[in-house]
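Participant: Next come the chains, spelled out residue by residue.
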Amino acid sequence: DTGVSQNPRHKITKRGQNVTFRCDPISEHNRLYWYRQTLGQGPEFLTYFQNEAQLEKSRLLSDRFSAERPKGSFSTLEIQRTEQGDSAMYLCASSLMDRGLEQFFGPGTRLTVL
Amino acid sequence: GDSVTQMEGPVTLSEEAFLTINCTYTATGYPSLFWYVQYPGEGLQLLLKATKADDKGSNKGFEATYRKETTSFHLEKGSVQVSDSAVYFCALFGAGSYQLTFGKGTKLSVIP
Chain B
1 DTGVSQNPRH KITKRGQNVT FRCDPISEHN RLYWYRQTLG QGPEFLTYFQ
51 NEAQLEKSRL LSDRFSAERP KGSFSTLEIQ RTEQGDSAMY LCASSLMDRG
101 LEQFFGPGTR LTVL
Chain L
115 GDSVTQMEGP VTLSEEAFLT INCTYTATGY PSLFWYVQYP GEGLQLLLKA
165 TKADDKGSNK GFEATYRKET TSFHLEKGSV QVSDSAVYFC ALFGAGSYQL
215 TFGKGTKLSV IP
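If you're matching them up, the sequences are chains B and L in order.
Read in the working numbering, the first sequence has 58 at position 58, and its numbers run on one by one without any break.
Quick note, the working numbering runs 114 ahead of the 1-based positions in the second sequence.
What the hints contain is simulated information worked out from the structure, not anything from laboratory work.
All clues stand as given, with none of them false.
Mimicking SDA-like on lysine to any residue, the simulated pairs with C-alpha atoms at most 20 angstroms apart in a straight line are: (1) 163/L - 173/L; (2) 221/L - 41/B; (3) 218/L - 41/B; (4) 182/L - 101/B; (5) 57/B - 208/L; (6) 166/L - 209/L; (7) 163/L - 96/B; (8) 11/B - 84/B; (9) 221/L - 37/B.
Cβ pair distances, simulated, as ranges: (10) 223/L - 72/B: 36 to 44 angstroms; (11) 81/B - 127/L: 40 to 48 angstroms; (12) 112/B - 167/L: 39 to 47 angstroms; (13) 27/B - 122/L: 35 to 43 angstroms; (14) 199/L - 41/B: 16 to 24 angstroms; (15) 159/L - 38/B: 17 to 25 angstroms; (16) 12/B - 130/L: 36 to 44 angstroms; (17) 196/L - 41/B: 20 to 28 angstroms; (18) 80/B - 170/L: 45 to 53 angstroms; (19) 169/L - 97/B: 21 to 29 angstroms; (20) 20/B - 193/L: 41 to 49 angstroms; (21) 172/L - 38/B: 29 to 37 angstroms; (22) 26/B - 199/L: 26 to 34 angstroms.
Glycine residues also receive a C-beta, built at the ideal position from the N, C-alpha and C atoms.
Required output: the full structure, derived from the provided sequences and hints.
Facilitator: Here you go:
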């Protein structure tokens, strides 16, 4: 399968714990995006990478959130000191720079904070 | 800022019925417009897109026309099938932006 993959698919954690999610984009896609989707809502943009550079961050991305994309390949999203309000589906998408309009989404990681 | 408003669901239709899901947007400049679909248990998939005014996007029998004068991008299908049951999201890519702005989604259920 050459689509966007995300791991883990589900994560249950206790409030105050740190969690890390991984996204593997489609090979050769140089743009990578993170979105968050809560129940009954559409996805909301969190951050965007072009290769290894993080070029845009939403104000939704508090200082407890950090994202990296070392070497411009896979990306990680870490949430420190999780809160119940962080419970959501975290979606990753990737695209080619010259066809940046078409974003391909992964299946998401569902986070539940108890 | 940019925003997308789409009709609230859920929408329940009988097989072979006509479908319309309304979508209107607010954006500066000339955004690109999209419909994404999320089937149960699956990730978001691009259904169709239109990048300039009066463009018509189409795929799998679905159509939507970019109407600049009414800032709308309504999704239509002439005859829905049970397999079309999913959540449909209208989205826009603002001019000079790298992010998609989504509506809240409309859940469609098609019954035999």
